[in-house]
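Number of protein chains: 2
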Amino acid sequence: MKKFGFSIAKKLGEGTLARAGTIHTLHGDIQTPAFIVVGTKATVKALTPEQVSCLGAQAVLANTYHLYLQPGDELVWDAGGLGKFMHWDGPTFTDSGGFQVFSLGAAFGKGVSKVAKGEDAEGSGDGRSSSQNHSAPAKVDDGGVIFKSHIDGSSHRLTPERSLQIQHNIGADIIFAFDECTSPQDPHEKQKHSLDRTHRWAVRSLEEHKKLRGTQALFGVVQGGKFQDLREESARTVGVMDFDGFGIGGSFIKEDIGTAVKWVNAILPEEKPRHLLGMGEPIDLFLGVENGVDTFDCVAPTRMGRNGGLYTNDGRIAITNAKFVNDLGPIEKDCGCYTCKNFTRAYLAHLFRSEEMLGATLASIHNLYFIVRLVSRIRESIMAKNFLQLKDEFLKRYYG
Amino acid sequence: MKKFGFSIAKKLGEGTLARAGTIHTLHGDIQTPAFIVVGTKATVKALTPEQVSCLGAQAVLANTYHLYLQPGDELVWDAGGLGKFMHWDGPTFTDSGGFQVFSLGAAFGKGVSKVAKGEDAEGSGDGRSSSQNHSAPAKVDDGGVIFKSHIDGSSHRLTPERSLQIQHNIGADIIFAFDECTSPQDPHEKQKHSLDRTHRWAVRSLEEHKKLRGTQALFGVVQGGKFQDLREESARTVGVMDFDGFGIGGSFIKEDIGTAVKWVNAILPEEKPRHLLGMGEPIDLFLGVENGVDTFDCVAPTRMGRNGGLYTNDGRIAITNAKFVNDLGPIEKDCGCYTCKNFTRAYLAHLFRSEEMLGATLASIHNLYFIVRLVSRIRESIMAKNFLQLKDEFLKRYYG
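Chains A and B, in that order, are what the protein sequence lines are.
Quick note on our numbering: the first sequence kicks off at 1 and runs consecutively.
Quick note on our numbering: the second sequence kicks off at 1001 and runs consecutively.
Just to be clear, a hint being listed does not mean it is correct.
[Claimed, not checked] With a cut-off of at most 20 Å between alpha-carbon atoms, the simulated PhoX-like pairs for lysine-lysine come out as follows:
| id | chain 1 | residue 1 | chain 2 | residue 2 |
| --- | --- | --- | --- | --- |
| 1 | A | K254 | A | K396 |
| 2 | A | K3 | A | K272 |
| 3 | A | K272 | A | K226 |
| 4 | A | K84 | B | K1341 |
| 5 | B | K1084 | A | K333 |
| 6 | B | K1333 | B | K1010 |
| 7 | A | K254 | A | K190 |
| 8 | B | K1010 | A | K84 |
| 9 | B | K1011 | B | K1333 |
| 10 | B | K1011 | B | K1190 |
| 11 | B | K1084 | A | K341 |
| 12 | A | K333 | A | K323 |
Derived from the structure by calculation, the hints contain no laboratory data.
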């Protein structure tokens, strides 16, 4: 039984590709646009599933590379699949592991990683945690990739078929085709060569997926770097394949969203959902939605939170800043999150200064609530046809 | 307005000092015997107050020394007191800071600390976290103690009066007189000298407490090391003072509970509650209750939990042990805690192996539930007059 679908409730028009819709999965619906919370290793860092649910998250995205290495996809299968294993009842995603294999291997140090500071491994945006990666590049050929585990240095081979088998074992509702991830610095020729391989792998991913007869939805991944011809070729090629939806991959900065993402979404079939992989800063969300993105995932809210960085409507604050030590107000007035309703800035500052784990928990709750709620407000603004007004107002205030 | 009281519902008899009762505070009742959960720095490590409440905890004990240094007792006062600051609605305790001042200072390295392994600072059982302590002993005289902060090395003076002022600012429901904490290795003469000072400080603590006119209950602290004459002298001396209850201090091992604790409780006035400071292993709880203790606090459940040590009725297990990697059962069958109802041993093993913070949270919930529930069962067994049977059965199974 397969039960996946996507319906569009409203298109904004007004020169944008923005739309509001609903993704249907076996584990419930996702109202889109939506921010998918990252739970890399089958846990949203520092939060219980109930906390994730209470802050408004609709779905969780885990990481194939990480779960394959630890605890192993077969254990997740034995445990009843990702949702049961981590006690999350709602819809789940896994990415294909492609990004991690390459960011942990061949492309390491060449700028594939979306993470600037080499922090702890999380989500679809990184996985770098050992210097051994420098000396153990992933080896890629048309068959697949051989890479070394960042945990114990053991050697592994990932192919489109293996990625699909692993993702079927993990059992998320929405899974992704295995792609080759390039460095944004790679020249056109190299991008083209890699893109052709990604397209061949897309075909193999689809074939394996059909063979496995799972209940899952498979999304194809569009690549092509910053080159318009490659992005459009990729959208045309992957767009006509029998995927349930699409991931837009690669390393983006916000300037690419109005170009690369727009080129792609202008071509991809309108009736299928599109996921922008690994982007989720406020500006990314507005630009992504404006240019036809339905779902996002990003480690920023939780990673930033663990470091004491907090979203407010007036921009980010660092709770470790001395001025918050005696501040008995909430992080943000009128914020509806658990943290703001029950704790002060002074208390959070105390937790971070004391290196208490609850600090990371409360900050992650606030940040995820902020971002999830922001995307939810964006959805409402599409339905009410005032998206561009919200965008202007929000960005003006947030970025000052 | 002061609203503190203690009523005894049932005395077990049968050659024991065990009793079941109720402590009444402004923030609610505590059914005794009770395990008081430790929230050293105004947070129960890795848990939200709701999680603490849901696992059955009735009250939280924070640490005067730690809160005085960071974030400062005046901020806690400004925030509305400990309960409001940390968002805990129920009854609260603070210890006097005496133990930490001495374990971080003069007595450091001489065995005052109840903690064997020098782990992270928590609760009433330690505070050692910096090697600078070795070179900066606390200086004690009849006036009070001068010590250096373990955080920044700054110099501070704590006296009975200051401790009470700080504890009034922090604003817990139950607070403790400032005492001098000795090393269990100290000879009789030194213990006696120190005990006399603790008794003079008890008088000064009481006087300052009356001057401050707070709504709090003040517990006097009985010391005396392992010497029967000193313990009994201390119980007689402190026992007749106008305290609302008593703390039994010092460094104990379980062998001392049937002696030192029994000597003390045979003398202390029956109608006032007694708190055994910093002890809480299963055997301690049974022996403590049998010998007249009403409340306990201990960092073991949370500290052990953060290291992957888990209580079961068949003894402790280490979840990081290889045999749990594929174990899809709960930590303990029929355990009613949130962790056991929703997660497997394999999932916990995965979280600990992946160094995911949720592991510490789930393990702390289970361990605290286990201990809180155990003391609650002990209470029920006193009411039902089958305490000794429960003790025999539990200890036989737990310690094998």
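These are the hints, each one checked on the structure:
This hinted pair checks out: K254 of chain A and K396 of chain A have alpha carbons roughly 16 Å apart, not beyond 20 Å. Distance check on the hinted pair: K3 of chain A and K272 of chain A sit about 14 Å apart at the alpha-carbon level, within 20 Å; holds. Distance check on the hinted pair: K272 of chain A and K226 of chain A sit about 23 Å apart at the alpha-carbon level, beyond 20 Å; violated. Distance restraint check for K84 of chain A and K1341 of chain B: the Cα-Cα separation of roughly 12 Å lies within the 20 Å cut-off, and the hinted pair is therefore satisfied.
Proposed proximity of K1084 of chain B and K333 of chain A is supported: the alpha carbons are some 18 Å apart, at most 20 Å. For the suggested pair K1333 of chain B and K1010 of chain B, the alpha carbons sit about 32 Å apart, so the restraint of at most 20 Å is broken. Distance check on the hinted pair: K254 of chain A and K190 of chain A sit about 23 Å apart at the alpha-carbon level, beyond 20 Å; violated. Restraint check for K1010 of chain B and K84 of chain A: the C-alpha separation of about 45 Å exceeds 20 Å, so the hint is violated.
This hinted pair does not check out: K1011 of chain B and K1333 of chain B have alpha carbons roughly 33 Å apart, beyond 20 Å. For the hint pairing K1011 of chain B with K1190 of chain B, the CA-to-CA distance comes to about 37 Å; that exceeds 20 Å, so the pair is violated. In summary, the hint linking K1084 of chain B to K341 of chain A is supported, as the alpha carbons are separated by about 12 Å, within the 20 Å threshold. Taking the CA atoms of K333 of chain A and K323 of chain A, the gap is near 17 Å; set against the 20 Å cutoff, the hint holds.
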